[in-house]
Amino acid sequence: MAPKPKPDPWYQAIVDRHTPKKRVLRNCITAFLGGGLLCALAQTALFCLVEFADIPQEDASPIVLICVIFLTALFTGIGIYDKLGQKLGAGLAVPISGFANSVAASMLEHKSEGLVLGSGCNSFKLAGAVVIFGIFSAFVVVFIGWALQLI
Amino acid sequence: MQITQKGRQTWLFDGPVGIIGQAATCGPREGEGPLAADFDHIFPDLRMGEVSFEKAEQRMEEYAARRAIAKASLTPDEIDIMFAGDLINQITPSGFTARNLAIPYFGLFNACATAMEGLALAALCVASGVARKVLVAASSHTCTAERQFRYPNEYGSQKPPYSQSTATAAGAAVVAAIPAPVEIKAITVGRVRDEHITDPFAMGAAMAPAFADTVQIHLQERGVSPDYYDLILSGDLGHVGQDIARELFQLQGITIADEKLGDCGLMLYGASTKVFSGGSGCGCAASVGFGHIYRLISEGEIKRVLLCATGALLSPVSSEQKESIPAISHAVALERGE
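Taken in sequence, the protein lines are chains D and Z.
So that you can map any letter, position 147 of the first sequence is 148 in the working numbering, and since no number is skipped, the others follow by simple counting.
So that you can map any letter, position 320 of the second sequence is 340 in the working numbering, and since no number is skipped, the others follow by simple counting.
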């Protein structure tokens, strides 16, 4: 691929002078707190299910995940999630809520083109990359593990 | 009427090229802004009673066009040519509006500079006698632009502080070679400038050089100083782009007083911080130019305005292919008619 074009240093200097910086440290802290809170809530729910509802750990875990996915889809649908996402950034994007939101948002966006060709075909428009590279990296890791066993 | 080409990019009209009808419409957020009183209609929600945002944008553009024609005391079949454009793929809102109005139609795309591209072409058409009455229209909608250029609307991505928010607004004007309270005295057709900005969120940085270039060429070719104008407006540079443009003017040796420089996308929202660095989109220059600025000039509050709509000529594909963002700015001099 051809190298990415770059502004001349004189213009880049002007642009840098007037462009507000991304507040990386603040974004990291809000992402940590927001994401941490989400995970702590989910963990508490899991704990309650196992301790008080007598559900085995391996069954309680998917129940909590499904709840997080459901709530994300709900918040996406009623138009709150994108506002939370602007504030909490990676805190919501990294947990499974980010994946659920990308699918729900894409399906909603393409609703106007119909159920199959609109919502259906576009549902994994953003999440598709996560799925395909997730599966591929899992394959690579398993292959390495298998190769190490042979030695 | 005499049309004089000055230099290479500027044309002057020595007779009246009047805006005989105009209208501006907008969405709910713009309707809460400081220019609310200058809109002919404020749609209270983004769907505007339609099933899709694309239909909503088309409805808003058609409303503005019909209103402008009515305010000129005309009917659509008395308009000879329509120039219109927007930001959606294949400029469908404009094409559909032209279908519904049944006016001979030229579809335009110069991104957010489309409104002034259309106005410049309309002025050339009526001044040369090619057409008697020409309609200009342009629109943008925050939800259609978000989907067109960025992510699904409800996707929770984090935008950087220098990004801009597309305005939900449309503007339309009818131009004819007859005297009117607001007349077009000169146009300058912009050159495409590219300072190799690649970040699609950094629109102000990508477009500021085109704005500075067009203003410089206009002043030089028309032979006037910045003081000749009461206002020199960019379309949608936002805070970031305006600050960059100020510095570029200094480098060019052009002194423009701070209160004379403005930006339609910033005027639309006032001090609202919900739009990050400012508003953007075809609707900014179209609705502010044909709404607010038209009123200021026609009521005599100000006399001369240089309106330079600014457009970024990128597509989602070009930006994913790591191409830089070329930009353009067209200038139209709007002045109080005698």
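If you are wondering where the hints come from, they were derived from the structure by calculation, not from laboratory data.
Don't be surprised by glycine CBs; every beta carbon is placed ideally from N, CA and C.
A few of these clues could be false.
As the list claims (entries may be wrong) - Where chain Z lies over chain D, by a calculated footprint (3+ residues, C-beta under 8 Å):
1. 12-25
2. 77-83
3. 137-144
Unchecked claim - With a Cα cut of at most 30 Å, we get these calculated BS3-like pairs of lysine-lysine:
4. Z:LYS179 x D:LYS88
5. D:LYS126 x Z:LYS323
6. D:LYS112 x Z:LYS91
7. Z:LYS280 x D:LYS126
8. D:LYS7 x Z:LYS342
9. Z:LYS75 x D:LYS112
10. Z:LYS75 x D:LYS84
11. Z:LYS280 x D:LYS84
12. D:LYS23 x Z:LYS323
13. Z:LYS179 x D:LYS22
14. D:LYS126 x D:LYS88
15. Z:LYS179 x D:LYS5
16. Z:LYS280 x D:LYS88
17. Z:LYS280 x D:LYS22
18. D:LYS23 x D:LYS88
Right, here's what the structure says about each hint:
no.: 1; hint: 12-25; verdict: holds (count 10)
no.: 2; hint: 77-83; verdict: holds (count 5)
no.: 3; hint: 137-144; verdict: violated (count 0)
no.: 4; hint: Z:LYS179 x D:LYS88; verdict: holds (9 Å)
no.: 5; hint: D:LYS126 x Z:LYS323; verdict: violated (51 Å)
no.: 6; hint: D:LYS112 x Z:LYS91; verdict: violated (38 Å)
no.: 7; hint: Z:LYS280 x D:LYS126; verdict: violated (45 Å)
no.: 8; hint: D:LYS7 x Z:LYS342; verdict: holds (10 Å)
no.: 9; hint: Z:LYS75 x D:LYS112; verdict: holds (14 Å)
no.: 10; hint: Z:LYS75 x D:LYS84; verdict: holds (25 Å)
no.: 11; hint: Z:LYS280 x D:LYS84; verdict: violated (35 Å)
no.: 12; hint: D:LYS23 x Z:LYS323; verdict: violated (41 Å)
no.: 13; hint: Z:LYS179 x D:LYS22; verdict: holds (12 Å)
no.: 14; hint: D:LYS126 x D:LYS88; verdict: holds (23 Å)
no.: 15; hint: Z:LYS179 x D:LYS5; verdict: holds (22 Å)
no.: 16; hint: Z:LYS280 x D:LYS88; verdict: violated (35 Å)
no.: 17; hint: Z:LYS280 x D:LYS22; verdict: holds (28 Å)
no.: 18; hint: D:LYS23 x D:LYS88; verdict: holds (13 Å)
Comparing the model with each numbered hint stated earlier shows that hints 3, 5, 6, 7, 11, 12 and 16 do not hold.
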